[in-house]
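Undergrad: Protein chains in written order, with the numbering used here: chain S, 131 to 243; chain V, 0 to 114.
Each hint should be verified, as a subset may be incorrect.
[Unchecked claim] Every beta carbon over 10 Å from chain V, so not counted as near; a handful from chain S, in silico: (1) Q141; (2) L143; (3) G146; (4) A154; (5) D156; (6) N158; (7) S163; (8) T185; (9) R198; (10) T200; (11) T201; (12) R207; (13) E231.
[Stated by the list, open to error] Subject to a maximum C-alpha distance of 30 Å in a straight line, what follows is the list of computed DSSO-like cross-link-like pairs (lysine-lysine): (14) K139/S x K101/V; (15) K56/V x K41/V; (16) K144/S x K41/V; (17) K101/V x K67/V; (18) K139/S x K41/V; (19) K57/V x K41/V.
It should be emphasised that the hints constitute simulated quantities derived from the structure, not laboratory data. All of these numbers come straight from a predicted model, not from anything done at the bench. Glycine residues also receive a C-beta, built at the ideal position from the N, C-alpha and C atoms.
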Amino acid sequence: NAGVTQTPKFQVLKTGQSMTLQCAQDMNHEYMSWYRQDPGMGLRLIHYSVGAGITDQGEVPNGYNVSRSTTEDFPLRLLSAAPSQTSVYFCASSYRSFSGELFFGEGSRLTVL
Amino acid sequence: QQQVKQSPQSLIVQKGGISIINCAYENTAFDYFPWYQQFPGKGPALLIAIRPDVSEKKEGRFTISFNKSAKQFSLHIMDSQPGDSATYFCAASSLRGGTASKLTFGTGTRLQVTL
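Just need the whole structure built from these sequences, with the hints factored in.
TA: Now the structure itself:
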C-alpha cells in the first residue's frame with residue numbers, strides 16, 4: 131500500500147521556469163491538499179480539493195495552480211517560479227467524511243535560484 | 000494572521016522528563032485539535048487528537064489537555080525518550096461544513112530529548 135506518493139523528491143529551478151509537482155494516492159480519498167513548509171512558518175495550505183473536478187484556494191495560493199481530473203491525482207503547478215517559492219511541499223489526503231487523519235506524502239524539496 | 004499560535008519554537012528535554020508544547024487558537028469555530036509528529040525527511044503523521052467535549056485525552060505517554068474557555072490546548076509527553084525527538088505541530092479545524100480536513104497548523108516545535 132503506497133499511500134501518498136510525491137514526485138520529484140528534490141528539484142532545482144531557475145527563476146521564471148515552470149514545473150509540476152506530482153501527487154498520487156491509492157486510498158480512494160476524496161480530499162487532497164497541498165501544503166508548503168517553511169522554517170518558523172509551519173505548514174500553510176496552498177490549494178485543496180474535495181473531489182474530482184473541484185478545487186479551491188487555501189491560505190497561500192498565489193503563484194500556484196492545481197487541477198483534479200481523477201480521484202487519485204492532484205498535481206501542483208508553478209507557472210513562473212520565484213525564489214520565494216523555495217520550500218518543502220507536502221501533499222496530503224483524507225476521506226471527505228474525515229476519519230480524523232490527514233495522510234501526508236514524504237515531501238518535495240524545491241529550490242528556486 | 001496566525002490562527003494557531005504554538006510555543007516554544009524549540010525544546011530540549013532530558014530523557015525521562017516531561018515535554019510540554021502549548022497552542023492557542025482564535026477561531027471559535029474550530030472544534031477538532033490534532034497533533035502531528037514529523038521526523039526529518041518525512042511527512043507529518045497524526046499523533047493524537049481531541050475534540051472540545053473532553054478536557055483531556057491520553058494515549059500512552061502522550062496527553063492532550065484542552066481549555067475551551069482559554070482557547071488553548073497543549074501536548075504533554077511523559078517519560079520523554081530520544082526516539083521522541085522530532086518536530087511537533089498542533090493544528091485545528093472545524094468538523095462542520097465539510098471542511099474538517101482543512102487543517103490550520105501551528106508553526107511547529109522542534110523537540111530534542113537528550114540522554
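Undergrad: State for each hint whether it applies.
TA: Checked hints:
1. Taking the minimum C-beta to C-beta distance to chain V, about 16 Å, the non-interface status of Q141/S holds against the 10 Å cut.
2. Listed as outside the interface, L143/S is consistent with that label: its C-beta sits roughly 21 Å from the nearest C-beta of chain V, beyond the 10 Å cut-off.
3. Every beta carbon of chain V lies more than 10 Å from that of G146/S, the smallest distance being close to 29 Å; the non-interface claim holds.
4. Separation of A154/S from chain V is adequate, the least Cβ-Cβ distance of about 14 Å exceeding the 10 Å criterion.
5. Even its closest Cβ contact with chain V, about 16 Å, leaves D156/S beyond 10 Å, as expected for a residue assigned away from the interface.
6. Distance to chain V confirms N158/S as a non-interface residue, since its nearest Cβ pair spans about 14 Å, more than 10 Å.
7. Consistency note on S163/S: stated as away from chain V, yet its beta-carbon is not over 10 Å from all of that chain's, at 7 Å minimum.
8. At roughly 13 Å, the least C-beta separation between T185/S and chain V is larger than 10 Å, which holds for a residue marked as non-interface.
9. In this structure R198/S is separated from chain V by more than 10 Å, as the shortest Cβ-Cβ distance comes to about 14 Å.
10. Distance to chain V confirms T200/S as a non-interface residue, since its nearest Cβ pair spans about 18 Å, more than 10 Å.
11. Distance check for T201/S against chain V: the nearest CB is about 15 Å away, which clears 10 Å, and the non-interface claim stands.
12. The claim that R207/S is not at the interface with chain V holds, since no C-beta of that chain comes within 10 Å of its own (minimum 21 Å).
13. Against chain V, the non-interface label of E231/S is violated: not every CB pair exceeds 10 Å, the least being about 5 Å.
14. Between K139/S and K101/V the CA atoms are separated by roughly 24 Å; this keeps the pair inside 30 Å, and the hint holds.
15. Taking the CA atoms of K56/V and K41/V, the gap is about 26 Å. The hint holds against a cut of 30 Å.
16. Taking the CA atoms of K144/S and K41/V, the gap is about 26 Å. The hint holds against a cut of 30 Å.
17. A hinted pair counts as satisfied when its Cα atoms are at most 30 Å apart, and K101/V with K67/V qualifies at roughly 20 Å.
18. For the given pair, K139/S sits about 11 Å from K41/V by alpha-carbon distance, which is consistent with the 30 Å threshold.
19. The straight-line distance between the Cα atoms of K57/V and K41/V is roughly 25 Å, inside the 30 Å bound, and the hint therefore holds.
Hints 7, 13, counting from the list given before, are not met by this structure.
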